[in-house]
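Chains as they are written, first to last, in the numbering used here: chain A, 759 to 1063; chain B, 35 to 155.
Hints are computed from structural coordinates only; laboratory data are not their basis. Beta carbons are placed, not taken as given, at the ideal position from N, Cα and C, and that holds for glycine. Accuracy of the hints is not assured; some may be wrong.
[As the list claims (entries may be wrong)] 27 Å max Cα-Cα, derived DSSO-like pairs, lysine-lysine:
id, chain 1, residue 1, chain 2, residue 2
1, A, K844, B, K87
2, B, K109, A, K844
3, B, K119, B, K109
4, B, K109, B, K96
5, B, K119, A, K844
[To be verified] A few chain B residues that face chain A, going by a derived Cβ cut-off under 8 Å, partial list only:
id, residue
6, S49
7, Q121
8, D125
9, G129
10, K132
11, M137
Each chain, letter by letter, is given below.
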Amino acid sequence: PCVRAGEGWACRAVLAEGHQRTVRRVAWSPCGHFLASASFDGTACVWRRCGNGFEVVATLEGHENEVKAVAWAPSGTLLATCSRDKSVWVWEVDEEEQEFECVSVLSAHSQDVKHVAWHPSQEVLASASYDDTVRLYREDEDDWLCCATLEGHTSTVWAVAWERSGQRLVSCSDDRTLRVWQCAEPGDTAGTGTGDTGTGTRAPGWHCVCTLSGYHGRSIYDVAWCGLTGAVASACGDDAVRVFHEVPAGPAEPVTFALLTLHCSASVRSTSVEAEPSRRKSPSVSFSRHMSRIARAVLPVSFRE
Amino acid sequence: RFHGEGYQEGLAEGSHAGMAEGRRYGALHGAWIGSEIGCYRGFALTWHSLLQKCTGEKNSRKIRALDSLIGMIQKFPYEDPTYDKLQEDLDKIRGKFKQVCSMLNIQSDFRIGTERSSLAF
C-alpha cells in the first residue's frame, strides 16, 4: 500500500514564517491543538491553529546549533528538544499561558543528539546520539538526570521508538542493525542473553534482548513501533521500508523478530514528497492507527493518533 | 655507553620540560575553569538578589533554579583537581546556567578572558 498525493490528502497550510533554516522534525501535541517544529536554525517553534493556518505561540531558544528533534510527553505538559550541541533540553508547558519554560539542560551525550522520544505513559525520556548510545532520563527531586545508558550499537543511533507498554524500546543505527532493549527488574530471572550473570538472574537495568542484523543494506534512519499490532517498521537508506513482527516465545526464551514484509521504493518513490537533496536519502517512517496506512515520506512525518 | 647516557639525559630534560609545560597548561586551564565558574557565581548571586524583591510563582521558580546553581557552585571542589566527577559536575553547572539563562530570557554566550564586553550604551 502506498499513499498517493491527491487521494484524500490535500495541503491545508504552509507554515513558512517560523524558521530560517531546514525544519528537521515536527510533532503534534497529544491534545492535537499544537504543533512543535525543530529547526537547524537552533530553535524549536510551537504553533497553534489560527483560522485556516497556524501561528507561532512560542519560540524555544537556547540550543547552540541545529535542533534535530522535538517530542511531546504523553501528558502534554512537557516537551523535549535535542541538538548537535550534544544536549537534550526539557521544557515545561503552561497550557493556560501558553508559555514554555526550560526545566533542564542535560549534557549526558558526548556527541550530536539525533532523536528524542518520550515513554508512552511515564515522564521518562530516551535520546539517540552520534556517540553510539541511547540514554534515558527521568526527573528526580526537582531535577532531571540521565538514569541509564544503552550501549551496544557500533555506530550512530539515528532514532528510538517505545513499545506501547513502555517496557521495551527499539533503536536503529548507522551500523545497519535494530536493537530491542528491555528493562529487567532486580531479581528477574531470564534466559540466555547479554547481561546474564551466570546464576540465571539478570542484572537490573536495561539490556539488549534482540539484535536484528543482516536485514538492512544501509544505515537505518528511522524506526517506529506500532501501538496497535506491536509490529516494528524501519526506514532504511537502501530505499526500503521493512516491517518486523515479533515471534511469540515463552518467558525464558530469547526474543526474536521475523521480517514480515519488505516494501521497495519503486512504487512509493513516484509519489513521495520532494525534499531537499541532502535529505532525499534519509527516509522517515511513522505509523498511523492502522497498519494499512504506513506512509513513507522523504520528509519526516507524524500522525495524529 | 654514550647512547645510554644520552638517553638518560634526554629523558630527564624531556620530563622536566614536560612538567613545566604541564604546570603551565594546568594553571591556564584551571584559571579558565575558575573564571568560568566565578562568572556563573557572580551572575547567579546578582540575579538572586534582584529577584528577591519580586514576588510571584514564576519568580519563585527562577529563584529555585538560581539557588540550585549557587549550591552546585559551592559544592564544586576547587581544591581537588583529581576529583573523578570534575568534568561531569562542570557540565551540570554549565547546563544549569543555560537553563537559568533561558528562564531569565538572557543569551548565555559567555566569553572568557579579556575580550571587550558587548555592552554598548
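Taking the hints in turn, this is what the structure says about them:
no. : hint              : in the structure
1   : A:K844 <-> B:K87  : violated, 36 Å
2   : B:K109 <-> A:K844 : holds, 25 Å
3   : B:K119 <-> B:K109 : holds, 12 Å
4   : B:K109 <-> B:K96  : holds, 20 Å
5   : B:K119 <-> A:K844 : holds, 19 Å
6   : S49               : violated, 32 Å
7   : Q121              : violated, 10 Å
8   : D125              : holds, 5 Å
9   : G129              : holds, 4 Å
10  : K132              : holds, 5 Å
11  : M137              : holds, 6 Å
Checked against the numbered hints above, the structure breaks hints 1, 6 and 7 and satisfies the rest.
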